Amino acid sequence: MKRFGLLFFLIGFFYPSIQSHAVSDSKTREDIKQLEQRIKKLESRRNNSQVDNISTATGLSRSFNPAISLNGLLLGTYNSEGNDNSSQTNKTGLSIEEMELQLSGNVDTWLRVTTTFSMEGTSQFGLEELVGSGLIANNLSLQIGKFFAPIGKHNALHKHKHPFVAIPVSNEMVLGEEGIKEIGFGANYLLPFPFFSEINLQILEGENDTLFASTVNDGFAYLTKSTNSFDLSDETTMDLGLAYAFGDNSLSGPYRTTKIFATDLRFKYKPLGREGYRTTIWQSEFLTSTREQVNTGFYTYLQQQFAKRWWTQGRYSHSYQGSDRSDQNQYSLALSYFPSEFLETKLEYTHLNQYAEDENQLFLRLNFTLGAHKGHNY
Amino acid sequence: MKKQPLTIYLSFLFLFLTVTSVQAKKIYIVTTTTDIASITREIGGDFVSVDSIAKGGQDPHYIQAKPSYMVKLNRADLLIYQGLQLEIGWLHLLIKGARNPKVEPLQPGHLDLSSVIQPLEIPLGDLDRSMGHVHPQGNPHYNLRPSNAIKMANAITDQLILLDQDNEITYRKNLNEFVLKINDRLSNWKSRLNKILNKKVVVFHRTWIYLFSEFGINQLGTIEKLPGVPPTPMHLAKIKNLIEQNNVRVIIQASYYDSEFSNLLSEKTGAKTVVLPAFVGGVSETTNYFSTIEYIVTELENAFSNP
Numbered sequence: 001m002k003r004f005g006l007l008f009f010l011i012g013f014f015y016p017s018i019q020s021h022a023v024s025d026s027k028t029r030e031d032i033k034q035l036e037q038r039i040k041k042l043e044s045r046r047n048n049s050q051v052d053n054i055s056t057a058t059g060l061s062r063s064f065n066p067a068i069s070l071n072g073l074l075l076g077t078y079n080s081e082g083n084d085n086s087s088q089t090n091k092t093g094l095s096i097e098e099m100e101l102q103l104s105g106n107v108d109t110w111l112r113v114t115t116t117f118s119m120e121g122t123s124q125f126g127l128e129e130l131v132g133s134g135l136i137a138n139n140l141s142l143q144i145g146k147f148f149a150p151i152g153k154h155n156a157l158h159k160h161k162h163p164f165v166a167i168p169v170s171n172e173m174v175l176g177e178e179g180i181k182e183i184g185f186g187a188n189y190l191l192p193f194p195f196f197s198e199i200n201l202q203i204l205e206g207e208n209d210t211l212f213a214s215t216v217n218d219g220f221a222y223l224t225k226s227t228n229s230f231d232l233s234d235e236t237t238m239d240l241g242l243a244y245a246f247g248d249n250s251l252s253g254p255y256r257t258t259k260i261f262a263t264d265l266r267f268k269y270k271p272l273g274r275e276g277y278r279t280t281i282w283q284s285e286f287l288t289s290t291r292e293q294v295n296t297g298f299y300t301y302l303q304q305q306f307a308k309r310w311w312t313q314g315r316y317s318h319s320y321q322g323s324d325r326s327d328q329n330q331y332s333l334a335l336s337y338f339p340s341e342f343l344e345t346k347l348e349y350t351h352l353n354q355y356a357e358d359e360n361q362l363f364l365r366l367n368f369t370l371g372a373h374k375g376h377n378y
Numbered sequence: 001m002k003k004q005p006l007t008i009y010l011s012f013l014f015l016f017l018t019v020t021s022v023q024a025k026k027i028y029i030v031t032t033t034t035d036i037a038s039i040t041r042e043i044g045g046d047f048v049s050v051d052s053i054a055k056g057g058q059d060p061h062y063i064q065a066k067p068s069y070m071v072k073l074n075r076a077d078l079l080i081y082q083g084l085q086l087e088i089g090w091l092h093l094l095i096k097g098a099r100n101p102k103v104e105p106l107q108p109g110h111l112d113l114s115s116v117i118q119p120l121e122i123p124l125g126d127l128d129r130s131m132g133h134v135h136p137q138g139n140p141h142y143n144l145r146p147s148n149a150i151k152m153a154n155a156i157t158d159q160l161i162l163l164d165q166d167n168e169i170t171y172r173k174n175l176n177e178f179v180l181k182i183n184d185r186l187s188n189w190k191s192r193l194n195k196i197l198n199k200k201v202v203v204f205h206r207t208w209i210y211l212f213s214e215f216g217i218n219q220l221g222t223i224e225k226l227p228g229v230p231p232t233p234m235h236l237a238k239i240k241n242l243i244e245q246n247n248v249r250v251i252i253q254a255s256y257y258d259s260e261f262s263n264l265l266s267e268k269t270g271a272k273t274v275v276l277p278a279f280v281g282g283v284s285e286t287t288n289y290f291s292t293i294e295y296i297v298t299e300l301e302n303a304f305s306n307p
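Here the protein sequences come in this chain order: A and B.
So the first sequence is residues 1 to 378, counted in the working numbering.
So the second sequence is residues 1 to 307, counted in the working numbering.
Note that these hints are calculated values from the structure, not bench results.
On a predicted model such as this, the values are computed, not experimentally measured, just so you know.
Any given hint might turn out to be false.
[Stated by the list, open to error] If you only want the chain B side, here are some residues facing chain A, beta carbon under 7 Å, derived:
| id | residue |
| --- | --- |
| 1 | G57 |
| 2 | P67 |
| 3 | I88 |
[To be verified] Straight-line C-alpha distance at most 27 Å; calculated DSS-like pairs for lysine-lysine:
| id | chain 1 | residue 1 | chain 2 | residue 2 |
| --- | --- | --- | --- | --- |
| 4 | B | K72 | A | K268 |
| 5 | A | K308 | B | K240 |
| 6 | A | K181 | B | K96 |
| 7 | A | K268 | B | K55 |
| 8 | B | K96 | A | K268 |
| 9 | B | K96 | A | K146 |
| 10 | B | K268 | A | K308 |
| 11 | B | K55 | A | K374 |
| 12 | B | K72 | A | K153 |
| 13 | B | K102 | A | K374 |
| 14 | A | K159 | B | K96 |
| 15 | B | K272 | A | K308 |
| 16 | B | K96 | A | K153 |
| 17 | B | K96 | A | K374 |
| 18 | B | K225 | A | K308 |
| 19 | A | K374 | B | K225 |
| 20 | B | K72 | B | K102 |
| 21 | A | K308 | B | K238 |
For each residue, glycine too, the CB sits at the ideal point set by N, CA and C.
Modelling step: build the complete structure from the supplied sequences, incorporating the hints.
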């Protein structure tokens, strides 16, 4: 028995060094296998036609160019208010609502950049978005540049992704007509939960005239957003978001800090298989900001796809600014037709009930995308 | 007998070291399609856990980039996808949202199976979207050719060995079994379909070209005017004439497409519409790659033999 005990002791004593030696051999074999794999891939790589077209002699190469896409929004509007008011946003007539040119690509192994230039009408050209993003570690990515702040769902969308032509009065009142687009940087972290849960922390320049625009040098704005998504079944998902932002504004005393709170809730039902062309989406959002007075608003909308290329949708939005005179109720109905995933025509009627005269608007919009294939909406 | 606690302790220590040296954790693999998932399970056996993002009855061109898929990919050791822009609308969003360095391009946990097959129907000349939903690098439905399944299995085996060398012997054994089975079944499938002389078909979408090239089936036309573009009345009339003039007895479409136009042509011409799974799970009877191709061959055999 003593001999057996000694044998076990020796094995146990030397096992780690045997293991590490095996690991070292194993690692070497692994390195060799990786090299063999890379050689195999290089040898079996097909001759891509684009490679043949590169002329390195002239220094011209298309291989490293960014992906380019162009989106256009052409709009026909009827406004019951007429065009007497020069500050009217939606005037009766035809317009180029917006054109967006997007360039995106990998700068190197570490950073991907997406830039969006926009032109409103035929003359107002500007930088809509410039975002650099990179994966830093497991679950953690950083973002820097100018981007749409993730306050609620609607504010984060480019105009051509808006489900309705008319902006919800809730967002217009609380966040301003242009929404919150800020220069800043931030991090987003995917929490290790069995469901999707992401925390987003951002430091923003605080330039939004409606909410921030502090006159103090270090007048940054700070934002935190929690985004959660739950699969209720293979066909139904629920998203829940909570956002809070604060920052100095141009006022003094007790009103110098603007605070914004937003929550969004969405249910999406998309059947599998052939019935996938019967998707239903119900989305609601509540926003409130405090800057000398409290601005509050919410919207709720329902979208129903009733055929492969057809959608219908309706929305109610309400905003309130501390007095009945500021109450606004907005009702919108729309019908959309998608001849392809790159083209949409939308017919929309919006009625605005407010203290001043009610407004009725009718829109016919053409929305097209040209160029690189973008990601599908979720 | 005297107690010998030191011996007992060392025995348990030895057992503990032995047990913990074994790879207890399975490799978690996420695939984009159910065919890839099925083949991966055949090769990986008990050492892998596999999830497919697309379900068998879904059109993989139009999968939603759901956040829950990002969570799956976040946990994955290996991502395997079909490529040739089949997943162009959604996979890059999932990779970005997953924030998992292991599955980023060029990493051992990232495998594009299209790199090991020879694509068919690579468009020539300049391309633009007036041609419909074209795939510039070739038709991506190569999974439907059993010969390609062998190439896919080989590539998956190599990648598994790269990630888990300890189980190389098992993976190679499983690969050999898979290849033997595929070759055996392929002989049977070919012999059954070779008996049929008139194998002319019309299809709804260009999903089946690899299957047809394997089994000598002659595709005369497509009901879609262009890929992804529904037929006009004039185009439908043209296809109707094509069916009648060439004695086409079979119209084929994938289970995830609406069969409105196929059924209309069936009514007008007497040709039979056959709805087939384009991927494992496309119909309830197809639970793995073998049963999927078996189902397809059986349905075609019956349709050609009993128009």
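Evaluation of the provided hints:
no.	hint	in the structure
1	G57	holds (4 Å)
2	P67	holds (3 Å)
3	I88	holds (5 Å)
4	K72/B <-> K268/A	holds (20 Å)
5	K308/A <-> K240/B	holds (24 Å)
6	K181/A <-> K96/B	holds (22 Å)
7	K268/A <-> K55/B	holds (18 Å)
8	K96/B <-> K268/A	holds (22 Å)
9	K96/B <-> K146/A	holds (19 Å)
10	K268/B <-> K308/A	holds (24 Å)
11	K55/B <-> K374/A	holds (22 Å)
12	K72/B <-> K153/A	holds (23 Å)
13	K102/B <-> K374/A	holds (24 Å)
14	K159/A <-> K96/B	holds (23 Å)
15	K272/B <-> K308/A	holds (24 Å)
16	K96/B <-> K153/A	holds (19 Å)
17	K96/B <-> K374/A	holds (14 Å)
18	K225/B <-> K308/A	holds (16 Å)
19	K374/A <-> K225/B	holds (24 Å)
20	K72/B <-> K102/B	holds (13 Å)
21	K308/A <-> K238/B	holds (24 Å)
Hint check: no violations occur; every hint is consistent with the structure.
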